[in-house]
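*Asks:* Protein sequences, first through last, are from chains C and R. Everything in the first sequence is counted per numbering that gives the first Met the number 0, starting at 0 for the first residue and increasing by one. Everything in the second sequence is counted per numbering that gives the first Met the number 0, starting at 0 for the first residue and increasing by one.
Hint data in this document are derived by calculation from the structure and do not stem from the laboratory. There could be a bad hint or two in this list.
Said to hold, decoys possible - As a list, the in silico DSS-like pairs of lysine-lysine whose alpha-carbon atoms are at most 25 Å apart:
hint : chain 1 : residue 1 : chain 2 : residue 2
1    : C       : 46        : R       : 24
2    : R       : 325       : R       : 49
3    : R       : 340       : R       : 396
4    : R       : 347       : R       : 47
5    : C       : 61        : R       : 153
6    : C       : 46        : R       : 347
7    : R       : 366       : C       : 46
8    : R       : 177       : R       : 153
9    : R       : 340       : R       : 325
10   : R       : 366       : R       : 49
11   : R       : 177       : C       : 61
12   : R       : 262       : R       : 305
13   : C       : 46        : R       : 396
14   : R       : 347       : R       : 48
15   : R       : 48        : R       : 315
16   : R       : 366       : R       : 24
17   : R       : 397       : R       : 48
The structure presented is a predicted model; accordingly, all values stated were derived computationally and were not measured.
Chain by chain, the residues run as shown.
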Amino acid sequence: MAESVKDIVLEYIRNEYLEEGDDREVNYDTPIISGGIVDSFSMVSLKVFLETQYNISIPDTKATPEAFDSVNNIVTLLKEFNIE
Amino acid sequence: MAYSDEIRTVFANVIADIRTQGLFKEERAICAPQGADIEVEFPIGSAKKKVINMCANNYLGLSSHPDVVEAARKGLDHRGYGMSSVRFICGTQDIHKELEEKLTEFLGTEDTILFPSCFDANAGVFEAVLTEEDIMIADRLVHASIVDGMRLAKAQQDTYKHSDMKHLEQKLQLHQDKRIRLIITDGSFSMDGDLAKLDQIVALAEKYNAMVFIDESHTSGFIGKTGRGTHEHFGVLGKIDIITTTLGKALGGASGGCVSGRKEIVEMCRQKGRPYLFSNTVAPVVVEGALKVLDLISKSTERRDKLEQNTIFWRKGLTEGGLIIKDGETPIVPVMLFNAKLSQDFSKDLYDEGIYAVGFFFPVVPKGQARIRTQLSAAHDMHHLEKALAAFLKVGKKYNILHKTKQEIIDMYGM
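Isolated chain C (complex conformation) (with noise of 0.2 Å):
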């Protein structure tokens, strides 16, 4: 079975946020911008892997903290796109 949205966005996030020995428990509801994982700047790179792994084009206005700041809001986001 393929793997859900969901576990691929967590899997990223912990790849490409969390360093070497880092063991900050990141989970689905985990405030990862405003609980200071990730940073305003660093955003970017989640925006296009997001971009790339769906192929589609979010606009600055939809890529904000808020609906960037967990795995379940980067989900409900992603729902818009028509992507589940």
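Position chain R against the provided structure of chain C, taking the given hints into account.
*Replies:* For chain R alone, coordinates are given in the frame of chain C:
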């Protein structure tokens, strides 16, 4: 009145929030020229106190050097106080062209364009040079001015983990479909004092057909055998496509910055760089001072060598005394305290001991990484450093953090 009580309250509440979060920044009035020994009013209006400055970007001690001051004075006499113009209308003097040529020679590039500051250089260069077909791939710890410059540009953006070459390589592979790939990094990272791995970055750039941008604000004048910068240190002179740097730190400390690099890129900044086109020219007095600085440091490496010796002494003294510092070789030496309040208290106690060094904490540095950033200068003599070291160890002892591990300090004071 448009500025109503309601509007005033909106702003007052924002400021109150900043205070509540412990993030309110206060200026200290220095009642002396910049140097190792300064007189400070802190808080402003209180009695003046003589302290040793351990937090200036005055790396080469040239900010108040008599030869630089004299050159600036002559500049004032010969070329006046201001130009009342941007560069391309009637704001370019012979000395501006001369300084651009001298910077080109010093940095080992093809051409240079002056900007009012390095912040402006970074804010303007990406927008002037890149388009939406291009990608900017930046180290995650680059300076705020680069972040702002990237946001102003139309080019696409991506980032890589700080100094993680494997991650950078993945990003270069990912973006092979773009017209231009530009790797963006600071030469020396101002909060941690570490150097970019520029030899490896250049090798990756060659492998994946990318250009390289470095901000040399915290290296120009003293990193590398003759102080040319990070590219000299790593043996990649001539291989960097875009260098930005400042005249506001080691190179006299007044103001002004530049973009230096491939001649077509510099020309595009001259034609399209908005902070260049729409901001006043660098004042003649600053230009003359900077010319003298370049003359002094091109003739002798004495000041850069003294700074290196000071840095070795300071790093060794702090480490052997039992404080935790960030490893590195630059004159930016962060003393790690981890807890924000501890960094503020430590700084205040240092001030009482006659040492001026400021605490940095979130959001300037990540949570749990509060520190006091110390910066060495060629203006420091051994007696300054010995006194400062004694003060750091005295205050460290007071807080019982000498020869303690990071975890032990966090256990005592929290993150």
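*Asks:* Each hint needs a verdict: does it hold in this structure or not?
*Replies:* Comparing the hints with the structure gives:
At roughly 33 Å between alpha-carbon atoms, residue 46 (chain C) and residue 24 (chain R) are farther apart than 25 Å, so this suggested pair is violated. Of the pairs offered as hints, the one joining residue 325 (chain R) and residue 49 (chain R) is violated, with about 28 Å between alpha carbons and a cut-off of 25 Å exceeded. A hinted pair counts as satisfied when its Cα atoms are at most 25 Å apart, and residue 340 (chain R) with residue 396 (chain R) qualifies at roughly 17 Å. The straight-line distance between the Cα atoms of residue 347 (chain R) and residue 47 (chain R) is roughly 15 Å, inside the 25 Å bound, and the hint therefore holds.
Among the hinted pairs, residue 61 (chain C) with residue 153 (chain R) is consistent with the structure: their alpha-carbon atoms are about 17 Å apart, no more than 25 Å. In summary, the hint linking residue 46 (chain C) to residue 347 (chain R) is not supported, as the alpha carbons are separated by about 42 Å, beyond the 25 Å threshold. For the proposed pair residue 366 (chain R) and residue 46 (chain C), the alpha carbon gap of about 24 Å is at most 25 Å, so the pair holds. For the suggested pair residue 177 (chain R) and residue 153 (chain R), the alpha carbons sit about 13 Å apart, so the restraint of at most 25 Å is met.
Of the pairs offered as hints, the one joining residue 340 (chain R) and residue 325 (chain R) holds, with about 19 Å between alpha carbons and a cut-off of 25 Å not exceeded. For the hint pairing residue 366 (chain R) with residue 49 (chain R), the CA-to-CA distance comes to about 33 Å; that exceeds 25 Å, so the pair is violated. Between residue 177 (chain R) and residue 61 (chain C), the direct Cα distance comes to roughly 24 Å. Compliance with the 25 Å bound is thereby established for this hinted pair. Taken as a hint, the residue 262 (chain R) and residue 305 (chain R) pair is broken in the structure, with Cα atoms around 34 Å apart against an allowance of 25 Å.
At roughly 47 Å between alpha-carbon atoms, residue 46 (chain C) and residue 396 (chain R) are farther apart than 25 Å, so this suggested pair is violated. With a C-alpha separation of about 13 Å, the suggested pairing of residue 347 (chain R) with residue 48 (chain R) holds against the 25 Å cut-off. A C-alpha spacing of about 28 Å is found between residue 48 (chain R) and residue 315 (chain R), which places the hinted pair above 25 Å, so the restraint is violated. A threshold of 25 Å between alpha carbons decides the hint, and for residue 366 (chain R) with residue 24 (chain R) the separation of about 18 Å falls inside it, so the pair holds.
With a CA separation close to 22 Å, the supplied pair residue 397 (chain R) and residue 48 (chain R) stays within the 25 Å bound.
Violated hints, in rising order: 1, 2, 6, 10, 12, 13 and 15; the structure is consistent with all others.
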